[in-house]
Amino acid sequence: MLEENSEVWEVFIQSKNGLAHKHVGNLHASDKKMALENARDLYTRRNEGSCIWVVKSTDIVSSESEDSEAFFDPSNDKMYRHPTFYKMPDGAKHI
Amino acid sequence: MDKNLLNYTIRLGDNCLVLGQRMSMWCSNGPTLEEDIALANISLDLFGQATAFYSFAEEIDNKNTADDIAFKRDANKFSNYLIVELENTNFGFTIVRNFFFDCFQFLFYERLKKSDCKNLSDIAYKSIKEVKYHLRHSTNWLIRLGDGTDQSNRKVQNALNEIWKYTDELFELDDLDQLMISNGVGVDSSEFKSEWKNLVDKALVEAKLKIPQNTKMISGGKQGKHTNSFTELISEMQHIPRKYPDAKW
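Protein chains in written order, with this note's numbering: chain D, 341 to 435; chain A, 27 to 275.
Hints were generated in silico from the structure; no laboratory data involved. Among these hints, one or two may not hold up.
[To be verified] Straight-line Cα separation of at most 30 Å, DSS-like style, residue types lysine-lysine; simulated pairs: (1) A:K155 - D:K362; (2) D:K372 - A:K234; (3) D:K373 - A:K234; (4) A:K103 - A:K191; (5) D:K372 - A:K223; (6) A:K219 - A:K139.
[Unchecked claim] Chain A regions said to be covered by chain D (calculated; three or more residues, Cβ under 8 Å): (7) 58-65; (8) 162-170.
For each residue, glycine too, the CB sits at the ideal point set by N, CA and C.
Take the sequences, apply the hints, and build the full model.
Have a look at this one:
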């Protein structure tokens with residue numbers, strides 16, 4: 341019934357206020373409202389979320405696997421970019 | 027034991043259980059995977075509400091358990107509205123039926139929240155959040171189908187023509203209703219009939235659907251006079267507990 345006019349949407353759930361939205365999966369829907377409601381029904385049934393984002397899969401720009409050398413390898417040997425030399429202040433969560 | 031409160035509570039539970047059972051029949055038959063899960067979620071919400079009412083009934087009764095009430099009563103002892111027991115027929119039909127009932131249930135629970143009976147009021151507070159979502163779901167689909175293609179509009183309009191005759195029953199009051207209203211426990215549904223109609227009209231305009239004229243209204247659910255397919259629904263639902271009375275799983 342809906343196959344020909346439905347699109348794939350990616351779903352992002354924020355589990356608590358202040359945390360980042362995390363990708364949880366995708367679904368089919370034919371408009372924004374339906375995408376949001378389907379996301380609610382499919383991905384928040386066990387009390388997972390406080391906010392939902394849905395984004396059309398076609399609107400996401402992804403890097404290609406053949407680019408991965410140029411994109412990611414140069415950071416391999418730059419340990420100093422990791423903030424591992426600092427002590428975490430007490431009370432700082434979610435970093 | 028307050029026999030009237032018991033019967034009134036069971037009646038409220040019956041509407042939830044029967045519609046929940048109808049919705050569960052969509053499981054694995056939904057038009058899409060997503061919608062299949064949405065309908066099953068609604069079914070589970072309704073079973074939850076039925077459980078809440080029947081558990082309170084169990085407390086009042088002190089004899090029959092919530093399971094007895096659901097699974098050991100004959101079909102003609104159920105006092106749900108006819109509209110909730112109508113066969114699903116097709117997706118559009120289910121949406122129209124649910125839309126009418128969701129509008130009703132939303133307004134009903136709004137008032138049940140103010141009931142002098144703390145238990146019923148608590149159930150209403152908890153359930154209305156679910157009903158708000160059910161109403162959102164059915165309203166959006168009603169508009170989508172009504173204002174969709176010629177075919178989808180025709181299908182939901184046909185469904186509406188068929189279902190409309192069961193809507194008056196929602197606002198009829200019998201002796202038990204009158205009694206419960208007068209003691210501050212029950213809800214007077216006749217009081218919000220025009221509010222319900224406004225809510226319905228607003229969505230129907232957007233959905234490009236019309237209410238049929240000169241419809242002969244049908245009722246009888248509260249008196250246990252049900253439609254033909256109801257016995258089958260109940261016997262399927264009760265099949266396992268009746269065949270294996272004390273089965274545990």
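**Asked** Which numbered conditions among the earlier hints are violated in the structure presented, ordered from lowest to highest?
**Response** The structure breaks none of the hints.
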